[in-house]
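One letter stands for each residue in the lines below.
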Amino acid sequence: MIDLEIKNYAVLRLFGIDIWITDTTVSTWIIMGVLIIFGIIVRIKSRKFKEVPKGFQNAVEAIVEVFESYLRTTIGDKLMFLGSWFFTLFLFILLSNLSGLLPMMRTPTADWSMTFGLALVTFILIQAMGVKYRKAGYIKDLFAPLPWWCPIPLFLPINLIGEVARPISLSFRLFGNMLAGLIMMSLIYALFPPFVTFVIPSALHAYFDLFSGVLQTYIFVTLSMTFISGAAAVAD
Amino acid sequence: MDLGFLLPSALEIVFPPDRVFDIDQQTLVQIIANIINVAVLAAFLAYLLYKPVRDILNKRTTKIQGQLIQAEEELEKATELRRKYEQIMEDVEREREDILGEARKVAADSSRRLIADAKKEADTIRERAAANVEMEWERAENDMRTAIIDVSAVMAEKFVSLAINKETHDRLFNETMNDLEGMTWRD
Amino acid sequence: MEALAMVIVAAQYAAALAVFAGVITTLGQAQIAAKAIESIARQPEARGSISTSMIIGLAMAETNGIYGLVVSMLLLFVNPLLDRFVTMANALGQYLG
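Residue numbers (our numbering), protein chains in the order written: chain A, 1 to 236; chain L, 1 to 187; chain C, 1 to 97.
All the pointers check out, no bait thrown in.
What follows is a list of derived Cβ distance ranges for each label pair:
{"no.": "1", "chain 1": "C", "residue 1": "Ile56", "chain 2": "L", "residue 2": "Arg60", "range": "31 to 37 Å"}
{"no.": "2", "chain 1": "C", "residue 1": "Leu81", "chain 2": "A", "residue 2": "Ala190", "range": "22 to 28 Å"}
{"no.": "3", "chain 1": "A", "residue 1": "Lys78", "chain 2": "L", "residue 2": "Gln70", "range": "27 to 33 Å"}
{"no.": "4", "chain 1": "C", "residue 1": "Ile40", "chain 2": "L", "residue 2": "Met89", "range": "55 to 61 Å"}
In silico lysine-lysine, DSS-like type, Cα no more than 30 Å apart, as pairs:
{"no.": "5", "chain 1": "L", "residue 1": "Lys77", "chain 2": "L", "residue 2": "Lys63"}
{"no.": "6", "chain 1": "A", "residue 1": "Lys54", "chain 2": "L", "residue 2": "Lys59"}
{"no.": "7", "chain 1": "A", "residue 1": "Lys78", "chain 2": "A", "residue 2": "Lys135"}
{"no.": "8", "chain 1": "A", "residue 1": "Lys78", "chain 2": "L", "residue 2": "Lys63"}
{"no.": "9", "chain 1": "A", "residue 1": "Lys54", "chain 2": "L", "residue 2": "Lys51"}
{"no.": "10", "chain 1": "L", "residue 1": "Lys63", "chain 2": "A", "residue 2": "Lys54"}
{"no.": "11", "chain 1": "A", "residue 1": "Lys48", "chain 2": "L", "residue 2": "Lys51"}
{"no.": "12", "chain 1": "A", "residue 1": "Lys78", "chain 2": "A", "residue 2": "Lys140"}
{"no.": "13", "chain 1": "L", "residue 1": "Lys51", "chain 2": "L", "residue 2": "Lys63"}
{"no.": "14", "chain 1": "L", "residue 1": "Lys63", "chain 2": "A", "residue 2": "Lys45"}
{"no.": "15", "chain 1": "A", "residue 1": "Lys48", "chain 2": "L", "residue 2": "Lys63"}
{"no.": "16", "chain 1": "L", "residue 1": "Lys51", "chain 2": "A", "residue 2": "Lys78"}
{"no.": "17", "chain 1": "L", "residue 1": "Lys51", "chain 2": "A", "residue 2": "Lys45"}
{"no.": "18", "chain 1": "L", "residue 1": "Lys105", "chain 2": "L", "residue 2": "Lys120"}
{"no.": "19", "chain 1": "A", "residue 1": "Lys78", "chain 2": "L", "residue 2": "Lys59"}
{"no.": "20", "chain 1": "L", "residue 1": "Lys51", "chain 2": "A", "residue 2": "Lys132"}
{"no.": "21", "chain 1": "L", "residue 1": "Lys119", "chain 2": "L", "residue 2": "Lys105"}
{"no.": "22", "chain 1": "A", "residue 1": "Lys48", "chain 2": "L", "residue 2": "Lys59"}
{"no.": "23", "chain 1": "A", "residue 1": "Lys132", "chain 2": "A", "residue 2": "Lys78"}
{"no.": "24", "chain 1": "A", "residue 1": "Lys45", "chain 2": "L", "residue 2": "Lys59"}
{"no.": "25", "chain 1": "L", "residue 1": "Lys77", "chain 2": "L", "residue 2": "Lys59"}
Residues from chain A shown here face chain L by an in silico Cβ test under 7 Å; the list is partial:
{"no.": "26", "residue": "Ile17"}
{"no.": "27", "residue": "Ile36"}
{"no.": "28", "residue": "Trp85"}
These are calculated hints, taken from the structure and not from any lab test.
Quantities reported herein were computed from a predicted structural model and do not represent experimental measurements.
Idealized CB from N, CA, C, for every residue including glycine.
With the sequences and hints as input, model every part of the structure.
Here it is in structure tokens:
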């Protein structure tokens, strides 16, 4: 039985603001813990890394190297300092999407506040990189088709809506896919008696969690990169 | 008319309520909380995983690149050395050729000069010989002339002194001639 | 009470209809995939870049379906119509009695 809803476990009161400790928060912390422990293991082992990689070292290096080359082809050399953020984004979303396979965890990315948070960071990075690398040109592009004789920036609202739509569509894409999988799975588990739900859901899990999860991770990260590098690219 | 019955069941807040998707103040708070969570994770992962491994990879890359560059430099040096060696060999060859050519020229010169000298000497010798022969010849002619004169004188004497017949005359002449011939041959 | 139920039912129907945006989206995505397969068949060596572009294109085309999903979720879980109805009813009740 999978719960569709995000359960609340506690309320944290900080500076007069209620912060709910929900399923999402707990799952996030678990994934953070797993990743940080993995990082600590790598950090400890990296002191003894040899010139010729083997076994564990080889795997870690392969992950980083593949990601690095993928990053380099997508966003170019000048934005490589964002590499660790995208790396984290990629690993975190991947593990979140795959965590739906575990019975006790609710996928953190099936919570809109999580996906919108990630998309909001992308949005901020888009604007920041646009202003940083193109200065006034980026602002001018918001008023884009503006003939010299036209005193009113006719296209400004449309451009602004386009900008705002990016994080929304980005976040809802991931959220929608993950929640759709969750709804489907919860319906399957709720509809059929337990002995039917023993083997059959594995195929659906394979589709909704594995395939869809990996694909949506890739899409989210790639679209973030494309948007950011598109904003930072000097207009031709 | 009392429509207040609409309110309670619809808006009652269960604390903390389970929900799937909502947009309110709490969502905003959770967005910020999630961003902070992921940012902390990003900081940890960057420090623990991404940067060290990337540094190791970069270091290895630069090292291998350095080795490659070094190998290339060494190859270049070797090529340079080889080129120099070949240059020297070529120089030596050319020098040898020069020296040989010069020697050959000198030899040819001297041989030509020697031949010319020899020819000149031979010429002078021949000339001198020819002159000697001429002189000899002249002297022989003179001798002959004097001898003939002598013979004539002797014959005349004989003609004069003897009554001579034909036979005697021939005998005499032959005798004389034989004498003369013997004289000439002896000289 | 009946009126409130009607609002909720209407919201559920509207949510179900909003999801139908996905039908057109699926047609568009099928078109993209078909074209991508054609391109790969014509130029198998450009497979990598074609499939990357295809996935990005699919994601872009999916936006419409996602908006349908958003609308349906808003209607199901946030339900602004209900709030408005309740406030209106409240105001009306105060005005009347």
